[in-house]
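Can you make the complete structure from the sequences, with help from the hints?
Protein chains in written order, with the working numbering: chain W, 1 to 392; chain U, 1 to 392; chain Y, 1 to 392; chain Z, 1 to 392.
You can take every hint at face value.
Heads up, simulated SDA-like pairs for lysine to any residue below, C-alpha to C-alpha not over 20 angstroms straight-line:
1. Lys218(U) - Lys218(Z)
2. Lys218(Z) - Glu248(U)
3. Lys351(U) - Asp329(U)
The hints are simulated quantities; they were obtained by calculation from the structure and are not laboratory data.
There are 4 protein chains.
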Amino acid sequence: MLSFSDWCQSNVPEQVDVEQVIQRLIQQRIETPSWGYGDSGTRFHVFTQQGAAKNVYQRLEDAAQVHKVTGIAPSAALHIPWDYVEDWPALHRHAQEVGIELGAINPNLFQDDAYKLGSLTNPDAAVRQKAVGHMKECVDIMRELDSDLLSLWLPDGTNYPGQDDFRSRKRRLEESLEEVMDYMDPHMTLLIEYKFFEPAFYHTDLADWGSAVLLAHKLGPRAKALVDLGHHPLAANIEQIVAFLIDEDKLGGFHFNNRKYADDDLTVGSINPYELFLIYNELAAGEADGDLDIAYMIDQSHNIKPKVEAMVQSVLNIQETYAKALLVDRKTLRESQRQGDVVACEELLLKAYRTDVTPLLHRVREAMGIDPDPLQAYRKSEYPKYVLTRGT
Amino acid sequence: MLSFSDWCQSNVPEQVDVEQVIQRLIQQRIETPSWGYGDSGTRFHVFTQQGAAKNVYQRLEDAAQVHKVTGIAPSAALHIPWDYVEDWPALHRHAQEVGIELGAINPNLFQDDAYKLGSLTNPDAAVRQKAVGHMKECVDIMRELDSDLLSLWLPDGTNYPGQDDFRSRKRRLEESLEEVMDYMDPHMTLLIEYKFFEPAFYHTDLADWGSAVLLAHKLGPRAKALVDLGHHPLAANIEQIVAFLIDEDKLGGFHFNNRKYADDDLTVGSINPYELFLIYNELAAGEADGDLDIAYMIDQSHNIKPKVEAMVQSVLNIQETYAKALLVDRKTLRESQRQGDVVACEELLLKAYRTDVTPLLHRVREAMGIDPDPLQAYRKSEYPKYVLTRGT
Amino acid sequence: MLSFSDWCQSNVPEQVDVEQVIQRLIQQRIETPSWGYGDSGTRFHVFTQQGAAKNVYQRLEDAAQVHKVTGIAPSAALHIPWDYVEDWPALHRHAQEVGIELGAINPNLFQDDAYKLGSLTNPDAAVRQKAVGHMKECVDIMRELDSDLLSLWLPDGTNYPGQDDFRSRKRRLEESLEEVMDYMDPHMTLLIEYKFFEPAFYHTDLADWGSAVLLAHKLGPRAKALVDLGHHPLAANIEQIVAFLIDEDKLGGFHFNNRKYADDDLTVGSINPYELFLIYNELAAGEADGDLDIAYMIDQSHNIKPKVEAMVQSVLNIQETYAKALLVDRKTLRESQRQGDVVACEELLLKAYRTDVTPLLHRVREAMGIDPDPLQAYRKSEYPKYVLTRGT
Amino acid sequence: MLSFSDWCQSNVPEQVDVEQVIQRLIQQRIETPSWGYGDSGTRFHVFTQQGAAKNVYQRLEDAAQVHKVTGIAPSAALHIPWDYVEDWPALHRHAQEVGIELGAINPNLFQDDAYKLGSLTNPDAAVRQKAVGHMKECVDIMRELDSDLLSLWLPDGTNYPGQDDFRSRKRRLEESLEEVMDYMDPHMTLLIEYKFFEPAFYHTDLADWGSAVLLAHKLGPRAKALVDLGHHPLAANIEQIVAFLIDEDKLGGFHFNNRKYADDDLTVGSINPYELFLIYNELAAGEADGDLDIAYMIDQSHNIKPKVEAMVQSVLNIQETYAKALLVDRKTLRESQRQGDVVACEELLLKAYRTDVTPLLHRVREAMGIDPDPLQAYRKSEYPKYVLTRGT
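So, in structure tokens, the structure goes:
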């Protein structure tokens with residue numbers, strides 16, 4: 001293989017400080033979701049995988065393994081009640097023991113028959129209170145676990161025209177979330193996820209980034225939008241939404257995944273890797289202009305791929321993409337943009353995108369003291385065999 | 001209310017024979033699906049409904065009730081193994097007792113872990129044989145129940161680029177189905193359903209009408225395509241597909257429902273009733289040109305509406321739409337088309353579509369000896385209370 | 001035909017005051033676009049129509065004719081420079097003579113080679129100033145014509161990734177429009193139209209309602225969003241956007257049309273009339289809750305239908321839809337929503353939608369002193385023949 | 001830069017014969033369209049470019065220049081009547097002089113007012129004859145120019161429901177094309193392009209690959225389908241369509257371009273380069289299984305990029321993609337597919353896709369005797385300055 005310095009010579013633009021790139025890559029952080037390690041599926045079938053994690057303890061173990069081989073996935077997001085335990089300090093200790101931090105807390109507002117017509121937006125005030133209560137319970141858990149991110153995906157919506165009143169629901173949501181925000185501590189942030197459709201099939205109360213950002217503006221600086229890559233209309237320009245949210249100071253976090261059709265929850269970058277690069281291009285440009293405070297999280301459902309392996313692959317896809325985005329020659333790009341040289345602008349992005357960043361990532365992994373090929377390292381490790389043996 | 005003859009005067013074009021329209025409406029047949037009467041949901045949650053049918057006996061009871069109030073839903077489709085029983089003659093007798101016929105048999109190729117990488121297209125010949133075997137078992141059941149429709153929805157596809165070879169899968173499918181066709185009796189028809197995506201999220205082996213019709217041409221005259229209204233790309237012109245399939249003599253059946261986004265399985269006509277009218281406009285035109293042999297079936301999943309009530313509503317939506325399509329003045333339409341009078345053509349369709357067909361449907365129901373308002377009749381009947389009391 | 005009082009008995013819910021409905025319909029106002037009367041087409045071909053208006057004088061004549069037969073289209077929107085004249089008072093007098101008011105002024109930021117890389121967002125300050133200057137010129141024309149609506153469709157966007165910087169363009173747009181707003185008089189309103197794509201094919205600077213409403217919030221109460229029905233991603237729930245804009249007090253106007261695929265500019269209601277009804281359902285509900293100040297405008301391009309005839313048809317489609325929306329029994333609807341009776345809610349909307357409102361519209365037209373069948377009246381009038389004879 | 005043999009060692013799988021890859025790349029042929037060198041635009045504006053070709057002679061000159069720097073674009077497609085000349089032998093000589101071959105002949109069925117309601121499908125037999133006559137004229141031109149490809153894009157469709165009868169139009173099209181096929185010489189092939197929508201906005205007579213392939217089957221072995229990458233519904237799996245057409249022996253040609261929304265006619269590979277790779281992956285797999293006879297053509301409209309430069313970029317994008325597809329280790333891929341190792345399958349494709357193929361392409365260009373960086377070579381050449389000086 002090419003020596004690193006030879007690689008740099010042909011691949012790193014003069015304007016780019018490769019040591020800074022390496023530092024950025026070492027400091028990159030991606031949170032994996034506890035729910036990504038258990039069996040999952042479609043409405044038609046859940047394929048059971050031998051060795052898939054059966055409880056939160058095993059899920060954290062898996063997450064720790066992903067971090068062990070990638071070096072950049074040090075925390076796991078929890079989902080309540082799926083990850084609910086009686087003894088939070090015990091869970092906290094377990095996490096420390098296996099080597100994983102606990103990250104964002106995700107309330108669940110979709111798995112109770114009471115929410116058939118909505119949770120925080122339900123016409124019935126008692127149901128809304130139940131949903132608000134669950135969110136407050138999540139805030140209590142955040143206090144137990146020193147988490148500072150409350151990550152809300154609101155599944156509310158209607159299935160049929162006329163079923164409920166859009167404006168009334170909008171106001172109920174605003175009121176419900178104000179109550180939750182009041183309950184939160186000052187260091188806590190509420191992330192507001194939006195989604196084009198599903199599980200509601202006629203309207204969704206928070207269907208797009210516009211709804212989320214308007215709501216976040218009303219709720220104040222501790223409320224921000226969360227972008228899930230699978231939650232947009234077909235052909236939406238997600239990188240533009242990312243840029244606009246940065247400009248509005250309302251980009252709070254990501255749920256990474258990919259899709260071809262709907263919210264397919266496929267491996268991030270598996271369908272349109274260039275789109276992921278263009279998103280990271282906005283993030284790298286944003287970082288170049290000032291500090292960003294964004295939670296990078298994966299939200300995927302590997303129905304047919306082995307769970308831990310697929311998560312390793314996902315983390316690596318993101319890392320590779322970030323590396324490429326850091327190689328964009330921004331100074332020349334700005335100059336070409338000013339000159340209106342459309343082909344030159346595009347080729348500057350493509351040059352970075354087409355770069356084989358393997359030598360750079362090897363150098364980064366060397367610096368982190370991990371195997372240069374994490375996916376093979378995982379495949380060859382004892383862990384895939386171990387999980388087949390662990391109990392339920 | 002307007003007298004029927006007054007209604008006719010303002011609403012029935014001179015060229016249309018209203019008695020024939022009434023006969024068509026009396027003879028209309030819509031099959032309801034046994035699986036539409038049990039609890040259903042999304043991948044996020046199945047909302048349980050008090051009184052939802054718990055077994056095939058209750059499901060047939062419900063289907064019979066829909067027929068009782070609508071008069072045009074005399075049969076129910078079965079799904080194997082969901083409706084599997086040891087004693088088929090007993091089920092047949094039960095059906096006769098509650099007053100329902102048994103219709104299309106639907107094999108299930110999606111709920112077995114063996115099918116993770118495909119059923120009839122699986123790279124592993126043993127899995128393909130298992131799937132073929134299940135379809136033959138369904139043919140055996142058809143013999144037991146005197147059914148002549150084998151209605152195949154192939155859920156096969158892949159989730160990731162490279163996962164399998166498109167052309168190999170295409171050929172495996174052709175071979176598998178040839179074996180099934182050989183096993184079928186001469187009076188039996190294979191309906192081939194296509195679907196744009198889900199549960200596979202990268203490619204689907206039978207993704208569009210083109211794939212289905214090419215396959216049906218290969219399999220011979222006893223193989224036809226089945227159109228599910230929710231299985232197309234956004235903006236697809238379904239009425240054109242219906243017309244093309246009629247022209248190719250390959251339109252075997254429908255799965256009625258509606259959607260706004262993906263395969264939402266909402267009540268037929270609830271999102272775009274004009275599209276349903278345009279589809280029926282093609283069907284009525286096709287009938288005017290010669291006999292059609294099409295199985296009209298509903299395939300819906302009423303996650304939040306009461307099951308039986310929603311099915312009554314669905315049958316009525318289809319009936320209303322067919323009634324309107326029968327009122328199109330086709331002779332004048334053809335003349336306006338020849339003259340290129342675009343506005344006149346459109347207004348001829350709209351005139352029929354805008355007609356309030358209530359008096360016509362009352363007359364039809366009177367002739368069938370049922371209540372003129374089936375939905376209210378159902379709501380006021382003892383049945384909704386009864387289902388709450390029946391066991392599991 | 002049914003007498004009006006008989007019609008009312010079967011069709012008007014008890015809670016609805018039919019006299020108020022009639023008043024609403026008499027007061028309905030729809031503005032037609034001057035550019036809808038001239039030849040138009042696709043990028044592939046402009047089909048020339050004999051008799052299509054050749055200049056602004058003829059276009060206003062046509063608009064006046066549409067008003068003459070419909071009674072509810074008293075004004076025409078102008079497009080600068082297409083409708084530019086040297087002598088504005090003369091145009092104003094001509095308008096009064098033919099019986100048409102002058103409505104919204106629409107600047108043109110897409111037909112100058114200078115705008116190749118953007119107008120109000122162009123990287124080059126000189127081009128931005130040119131665009132701002134054109135908008136100020138339009139404000140001057142508004143003063144000449146006593147118009148109070150400046151209706152901006154911003155065509156800006158990019159065709160290729162990297163071509164320009166999203167955030168810089170966003171800020172340039174905000175600055176440019178602040179300058180325009182400063183130039184406007186206090187009674188003037190800026191309508192901000194958004195569009196998903198076209199003529200730019202990678203990103204559009206104002207691509208969705210979220211962008212438009214955030215911008216309008218920044219620009220103050222005299223800036224509002226304009227909803228063009230053809231400018232959304234496929235499957236977007238436009239009626240929800242309308243409701244949200246009402247709730248944000250940012251719904252300034254409509255551009256009515258319809259589409260199946262992209263921005264097809266077809267006759268309003270011709271593809272999905274139920275969607276139009278659901279939009280009007282929100283408008284009627286909004287009116288019931290308080291005064292709305294919305295400019296209802298048509299923006300269509302009748303490439304193959306005769307121009308004036310198509311515009312009459314369009315106005316009538318909107319009128320019919322509004323009539324149906326006014327017949328919704330809102331009190332019972334709210335009650336059913338509270339009870340979570342999904343089927344009842346839906347049937348309440350459907351009851352209004354399915355109503356044949358011909359007798360009601362006849363009554364309204366009688367009150368306005370016009371022919372009860374405006375389309376036939378137009379077809380039979382001398383006007384279609386007249387336009388064939390007028391010069392260029 | 002890395003030596004070629006070092007590059008091979010890290011980048012060429014053992015199973016791949018790099019000399020064969022180089023031969024394939026040297027033999028690659030991409031046809032550019034004469035109409036891609038003149039001014040073009042959207043329905044809103046055509047941006048004029050200084051130096052854009054003004055006539056067929058200049059267009060061929062431009063095409064020759066693209067071939068000169070890329071080495072793999074030896075022919076140009078013609079469009080009749082845009083490229084119509086009185087003296088065909090003179091044009092043929094001019095082409096030879098500038099160094100370009102004449103390729104597919106493209107009839108124009110969309111730019112005549114007669115075709116307002118259709119060309120080959122028009123309800124009026126006289127219009128159909130006019131369209132058939134134009135196609136026969138194109139066959140005559142093919143004889144003059146020794147072309148053997150008649151490349152039909154049928155723009156026919158309707159804008160409104162009811163405007164015409166789907167089945168009648170289908171039959172008229174079949175009849176019209178049978179007449180054209182009868183007129184063609186035995187060595188000539190008819191390529192049938194399909195398109196989801198535009199310029200018709202309600203239905204398109206050849207809307208999808210299914211329609212095209214059914215028609216091609218009816219017309220016999222000399223009729224094949226042509227895939228334009230921008231002519232599909234959003235999210236369609238084009239690589240699957242390509243594979244199916246290969247399997248049906250009906251893949252006749254490509255129109256390369258890219259799009260994000262509709263038929264945007266952007267530079268091939270500019271929006272989703274991985275999709276282009278997956279398409280080429282099918283082509284390379286098809287070639288590995290047997291000879292393919294496919295016409296690879298570009299169909300783009302560079303509204304804001306300089307014409308020749310954009311075409312060079314496009315040819316290079318295709319070449320790079322083909323190079324990557326040739327590096328896929330197909331033997332291991334088949335083995336991984338058999339084992340159902342989804343991650344391994346995907347990584348095999350990704351390994352090839354992520355390869356920096358610059359050294360390979362340099363080697364290929366060296367063998368062809370051209371500059372290793374064709375885009376820079378073009379930019380630095382005299383040609384961009386020359387075109388600014390040539391007359392009209």
